[in-house]
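There are 2 protein chains.
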Amino acid sequence: MYCISVNYKNSDVNIRKKLAFSENVQKEFLTELINGKTVSECVILCTCNRTELYFCGNEDSLNTAQNLLSNYSGIECDLLKKHLYLFYSDKAVMHLFRVVSGIESMVIGEDEILGQIKLAYTMAKDLGMTGYELNMTFQSAMACAKKIKTQTALSKTSVSTATLAGNEIAHFKDKVNVLVIGATGKIGTVLVKNLLSHKNVSVIATSRKHSAESVQTKANITIANYADRYSYMDSADCVVSATASPHYTVTYYDLKKNIKTDKPRLFIDLAVPPDIDGSVAEIKGLKLIGIDYFEKLAKNNNELKLDSVESAKEIIKEESDVLKKDIAFHFFLPHMESVKNKLSENSLEEILYKFKAELPSEEFIKILDAFKSCGEKI
Amino acid sequence: MYCISVNYKNSDVNIRKKLAFSENVQKEFLTELINGKTVSECVILCTCNRTELYFCGNEDSLNTAQNLLSNYSGIECDLLKKHLYLFYSDKAVMHLFRVVSGIESMVIGEDEILGQIKLAYTMAKDLGMTGYELNMTFQSAMACAKKIKTQTALSKTSVSTATLAGNEIAHFKDKVNVLVIGATGKIGTVLVKNLLSHKNVSVIATSRKHSAESVQTKANITIANYADRYSYMDSADCVVSATASPHYTVTYYDLKKNIKTDKPRLFIDLAVPPDIDGSVAEIKGLKLIGIDYFEKLAKNNNELKLDSVESAKEIIKEESDVLKKDIAFHFFLPHMESVKNKLSENSLEEILYKFKAELPSEEFIKILDAFKSCGEKI
Chain A
1412 MYCISVNYKN SDVNIRKKLA FSENVQKEFL TELINGKTVS ECVILCTCNR
1462 TELYFCGNED SLNTAQNLLS NYSGIECDLL KKHLYLFYSD KAVMHLFRVV
1512 SGIESMVIGE DEILGQIKLA YTMAKDLGMT GYELNMTFQS AMACAKKIKT
1562 QTALSKTSVS TATLAGNEIA HFKDKVNVLV IGATGKIGTV LVKNLLSHKN
1612 VSVIATSRKH SAESVQTKAN ITIANYADRY SYMDSADCVV SATASPHYTV
1662 TYYDLKKNIK TDKPRLFIDL AVPPDIDGSV AEIKGLKLIG IDYFEKLAKN
1712 NNELKLDSVE SAKEIIKEES DVLKKDIAFH FFLPHMESVK NKLSENSLEE
1762 ILYKFKAELP SEEFIKILDA FKSCGEKI
Chain B
1412 MYCISVNYKN SDVNIRKKLA FSENVQKEFL TELINGKTVS ECVILCTCNR
1462 TELYFCGNED SLNTAQNLLS NYSGIECDLL KKHLYLFYSD KAVMHLFRVV
1512 SGIESMVIGE DEILGQIKLA YTMAKDLGMT GYELNMTFQS AMACAKKIKT
1562 QTALSKTSVS TATLAGNEIA HFKDKVNVLV IGATGKIGTV LVKNLLSHKN
1612 VSVIATSRKH SAESVQTKAN ITIANYADRY SYMDSADCVV SATASPHYTV
1662 TYYDLKKNIK TDKPRLFIDL AVPPDIDGSV AEIKGLKLIG IDYFEKLAKN
1712 NNELKLDSVE SAKEIIKEES DVLKKDIAFH FFLPHMESVK NKLSENSLEE
1762 ILYKFKAELP SEEFIKILDA FKSCGEKI
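Those protein sequences? They're chains A and B, same order as listed. This note's numbering numbers the first residue of the first sequence as 1412 and each following residue consecutively. This note's numbering numbers the first residue of the second sequence as 1412 and each following residue consecutively.
The reader is advised that the hints may include incorrect statements.
The list treats identical chains as interchangeable, and a pair is accepted whether it falls inside one copy or across any two copies.
Claimed, not checked - Calculated lysine to aspartate or glutamate pairs in the EDC-like style (CA-CA distance at most 16 Å, straight line):
hint: 1; residue 1: K1751; residue 2: E1761
hint: 2; residue 1: K1558; residue 2: E1521
hint: 3; residue 1: K1751; residue 2: D1780
hint: 4; residue 1: K1767; residue 2: E1787
hint: 5; residue 1: K1502; residue 2: E1773
hint: 6; residue 1: K1788; residue 2: E1769
hint: 7; residue 1: K1751; residue 2: E1787
hint: 8; residue 1: K1788; residue 2: E1761
Think of the hints as simulated: they come from the structure by calculation, not from any bench. Values in this document were obtained by computation on a predicted structure and should not be read as measured data.
Turn these sequences into a full structure, and let the hints steer you where they fit.
Here is the structure:
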């Protein structure tokens, strides 16, 4: 198996976008590739971060594939060759296993890629473009990714402060009303995006700008004027502030004045310097969490993630090893009868003397080692 | 097999001389090395250009050998390690083959090394320090060196002007009287040394210095005063001049006056500017050869030698390959019965499934390849 990979590590978006074929173009590409007769099986994967072509074929297949990628992308072939990684045999297998498990992703451990690969493989399979080798390889790789997801913390561990804060908020209650102060800032934007991915969260976002386009078009979100922020605080279950303001956006006095009940409230301050007056923690039912908490959590999670990557690599090594043995054995099977006949017709001495006379030392020694294993390990 | 080599390529003479053990010390060294129990076989070679230790042993043997070399040489072990090449297994075999054939020598193709290795091996063998592996290896290596000597021009091809001139002179007649003018100069010294290595040559050497120590002590040599040179020319069969003088050392007029017969005479001029007046070639029976002739010959020989080195490497590759197969087969033989039993007790499928379950993919694939070879190549 070969793999040609153009990805965010070796190519910028201007190269990658030319290779981000639509589904119809991908189908056309695979069909033309197979029709060239040098390629026997192929799968193409196009995401915004990578275009990868996995294929099996004869010694001309690599050239065929590169030329066709050049034709379809309009990238001159020599330039394309500078922007791709090329993997062959065991290394191609390893690469697929790493990609599908999220180790090669920009955000390590993200699991969107597994779904994308499943779609890519299914499309090729439905077109009849896959055979024994790619079927085995993709199925093993996807099973391995699921095993990694289950057995390690790789895809469960976030290292982003905004994501961690989002998770904290979403788990605060069954349904959470959140007021986000500073929703158009750097952290605020990511936080709002994350909050909206939780179905139990609805967001009121304040902005100093009148038209907060970046958040306005989303569902489950209400835009409020910054000056009116206190009027939303009583009904909110959670208030997050992440502005670049040098002053408090939430003071004890104004808050106390505006809230009517002592229901459980979660206040999160993601700003440096702090946006929320620390005294608000004295208010009954109110829990205040600062940015330090999330930064420490992110740091711990980063260590956990590095450990998880190591565990994932171990799992990949084991699973890909089983796959390689299966494939090798599959391709050995047609030789079985002939080998058995030769072993029954000739004494072992005769066989070895013939090998000794005909083979160079490296091959002869491998054969002796193989037979020695029969004596020792069976 | 291991080889530890300290040679002119990695160490200067100050290091090498500390490792140039006398024969008695070599014997003592080998005995102590074997008595340490980690080394099972060993041979030591000490020449002025290299000290090399070849040995077989367990995983501690390398440390034992290095420490003992350090003790015997008085070179601190860390320093010694910086000054040695270490070869193991196939690479150690290849190194011995290259050394014994003269490819690793300072003067490529010199064959003194073959005799030195034969002595080193014989000494170790007589002490009972060698076993199957070193006996096979040294005997093959020496046989290979002889084959190279016979089948290539490697050791027959000189690239030194002085040596080529010396050979020309020695082959001029059955017994040759030579007058060397300028015997203490750079070329003269080498020439005289070469001439004295031919048994049929006697030398009269002139020198401007009164005491020409560098040549005086040799047999077959008479020292003459430069001013008297013409008085020796009639009896000389050959006259060589190699001085740095800006004037002719041999003029037509003076020569003509001093020679009485027109017997065959060989005059060789190795000086730049020329020492011998070109007109002497007009004298009947006299053949004059200039330095250009030898320089051209040396250049041709150098090309021939480079070709010969390539041929020698080919022969080494073939011969060492045979050796490696012999050794591998020798060490396989004790396993033969057990392998045969396993092959008769189990079906090939059973054997392969067991291997598949127990071995990592690389080993399993090697075994499949070995059995596939039985089907295809027997």
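*Hint by hint, which ones does this structure get wrong, listed from lowest number up?*
none
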